[in-house]
Amino acid sequence: MTPALHVEDLRVTSREGRVLLDVPLLTLAPGQSLALRGASGAGKSTLLHVLSGLVRPSAGRVVWGGQDIAALTEDARARFRRETLGLIFQDCHLFEELSALGNAGLASAFAPARDRAPIRLAAASWLAALGLGQAGSRAVDSFSGGERQRIAVARALAGGPPVILADEPTAALDRANADALGADLVRLAAEGGRTLIVVTHDAALAARMGRQITLADGRIVEDTDA
Amino acid sequence: MLDLWASLPPALQDVLFALALIAPGLLAGALVLRGLRPLPLVGAMLRRFAFVNALFVALIAVSVGLGVGLLAQERGLRQGSARSAEKFDLIVAAPGSEVTVMLAAVYLQPSDMALVTGAQYAEIAAAEGVAFAAPIAFGDSYQGAPVVGTTVDFVTHLAGPLAEGRVFSAAEEAVAGAYAPVDVGGSFTPAHGHGPAAEHEAHEGFAYAVTGRMAPTGSPWDRALLVPVEGVWAVHGLANGHAPDDPRIGPPFVPEMMPGTPAVLVHATELWGNYALKSRFTRGDLMAFFPGTVLAQLHALMRDVRSAMSLMAVLTQVLVTLSVLIGLMILVRLIARSLALLRAIGAPLRFVFAVVWAYSAALILSGATLGLALGWGAARGISAVITARTDVLVTANLGWPEAHLVAGFISLTLFMALLPAWLAVRRPLLTDLRT
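Chains as they are written, first to last, in this note's numbering: chain A, 1 to 226; chain B, 1001 to 1435.
If you're looking for bench data, these hints aren't it; they were derived computationally from the structure.
These numbers were taken from a predicted model, which means no experiment stands behind them.
Backbone N, C-alpha and C define an ideal beta-carbon position, used for all residues, glycine too.
Possibly wrong hints are sitting among the right ones.
[Claimed, not checked] Each pair of labels, with its calculated beta carbon distance range:
| id | chain 1 | residue 1 | chain 2 | residue 2 | range |
| --- | --- | --- | --- | --- | --- |
| 1 | B | 1423 | A | 116 | 22 to 30 Å |
| 2 | B | 1050 | A | 91 | 21 to 29 Å |
| 3 | B | 1316 | A | 174 | 55 to 63 Å |
| 4 | B | 1381 | A | 114 | 52 to 60 Å |
| 5 | B | 1431 | A | 19 | 14 to 22 Å |
| 6 | A | 59 | B | 1423 | 24 to 32 Å |
| 7 | B | 1326 | A | 113 | 32 to 40 Å |
| 8 | B | 1431 | A | 187 | 29 to 37 Å |
| 9 | B | 1316 | A | 17 | 49 to 57 Å |
| 10 | A | 116 | B | 1377 | 38 to 46 Å |
| 11 | B | 1050 | A | 191 | 35 to 43 Å |
| 12 | A | 113 | B | 1423 | 22 to 30 Å |
Work the whole structure out from these sequences, hints included.
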């Protein structure tokens, strides 16, 4: 079941005390798609990292489906990410010596034994859905930038997460590849009823989302629905 | 408990000790890897930084190889020197240094020595319980190979049946050691003395004909040329131990006609008889000793040196272990980004810990295995050089001490590899992810 997001009194400060993020309230319904926009240093990626549990906030609550991940231990937050989130990074972060399928099914390496085969099957299936079905056994260093990002998308989806968080997924791609990947992301999220949150500078990608939030100096300055 | 341990066969003690040494490392591994499958990822990381990893493995291999080679070599040298002295039951010589006589008579290291007289020899040879008493008369050489005067009994006792030809039956005949520089059928004129100071023309006009070749003995005698002791005396212009009209060679000798010999090898009819003979000929004008005992005393004297060497080897291994630890910490930085990705997509900390530990373990085990092979190869190579230079057959094989050293090293480093694994999961995730 896709969880709703409820963020309350969220603050992230640097060691020097500078406020990096200050979000009094942010809610997101299950299955919504959201673009986080803003200038560099506005706090988009920091917000995404807090929402994914990669960064623990200085104060406030980050509640996914009733569970405040800010209060969890590191291992519990890892379990949350494993079971709930699919993460996509600007730099694909692939294991260069593994095949496309090995990367897409990476989560099978640390999943419980009963989940390993399903994850590998899902990985192959997502690669096929993203147009890489015939190339699963190829080493990833032989793929183009767009193809590598598709492998990263397949990896994010292989565990069947109800939420997808993507940090500048099209930043390193040319226009055609960026458009294709953006369309795929939105389509696959919508098909599975998944929540999709994307940090992007790309207006075209942001326009595909149901909602857009703009940040400046760590604060939400604009929140618009499509 | 100690009694129970002492009652176990040595081989079982060695096995149990090796298991006890390696157990902590294996136990740590079993606990770390339980229920996890990090190896595919570890394989990918090893391939990703193949050159650096290979270099690290090579460093471990060289350090382990040095320790293994040192231990195997030292034992091989001890065993080789002991084997060379095996056939020399009891040596009787004029009073002096037992070590000097042993080095001269057993290891054929030239030395000036007082002689056992004809009368003394006759007394030794006639003593009750003596199977044979063989004079060992050295001092000449040919192309660097010692020429030693002795008897047929000694030749047979030393090397058993000849590999080729027959034993000498006349004063001008010789039997070559297995690797002596003259073939059967050939002949040679001995030089007086050894090495650069040898006088090559001193025995001009005299030649020994080689009639046979001994089988290898693994001792310096393999390069020697054995001749009848009568020939040695004759070539030096001395009486030959027999009456002028007596053409025989070998004992008995006429005491008055015997010029003397630096040493006599005594072989008793019974093993215990050696002790009685040693006692009998240990007196003011003679000394009797077991070369094996003198060698054991030398080895015992060197035990302190050996202990110091062992301590140094252990200290070296400890330093190497610390270096391995520091190296692993540096290597972990290379794979930090991959580890951060794993953590970001939800890998449990225990899995990331296992990946780092297994990565370290793969390097350590590869290095140690390669080091074992390298040590064995180095020991064999050095043995060949020592054998070529001393003619003492040194065979360095891997044994339990080396297995214990490597087991201890592996166990310690596997255990210490827990530290870089622990540090790896404490690294800042986002920083590593952005690297």
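Outcome of the hint check:
1. Against the hinted window of 22 to 30 Å, the Cβ-Cβ separation of residue 1423/B and residue 116/A comes to about 28 Å, which satisfies the hint.
2. For residue 1050/B paired with residue 91/A, a C-beta distance near 22 Å keeps the hint of 21 to 29 Å intact.
3. A hinted range of 55 to 63 Å holds for the C-beta pair residue 1316/B and residue 174/A, which are about 57 Å apart.
4. About 54 Å separates the C-beta atoms of residue 1381/B and residue 114/A, a value consistent with the hinted range of 52 to 60 Å.
5. Under the hint 14 to 22 Å, the C-beta atoms of residue 1431/B and residue 19/A, about 20 Å apart, fit the expected range.
6. In this structure the hint that residue 59/A and residue 1423/B lie 24 to 32 Å apart at CB holds, the actual value being about 29 Å.
7. For residue 1326/B and residue 113/A, the Cβ-Cβ distance of about 36 Å falls inside the hinted range of 32 to 40 Å, so the restraint holds.
8. Between residue 1431/B and residue 187/A the C-beta distance comes to about 34 Å, which sits within the given range of 29 to 37 Å.
9. One distance hint, 49 to 57 Å for the beta-carbon pair residue 1316/B and residue 17/A, holds here, with the actual separation near 51 Å.
10. Judged by the Cβ atoms, the range 38 to 46 Å given for residue 116/A and residue 1377/B holds: they are separated by roughly 42 Å.
11. The given range of 35 to 43 Å is respected by residue 1050/B and residue 191/A, whose C-beta atoms sit roughly 41 Å from each other.
12. Between residue 113/A and residue 1423/B, the C-beta spacing of about 29 Å keeps the proposed range 22 to 30 Å intact.
Checked against the numbered hints above, the structure breaks none of them.
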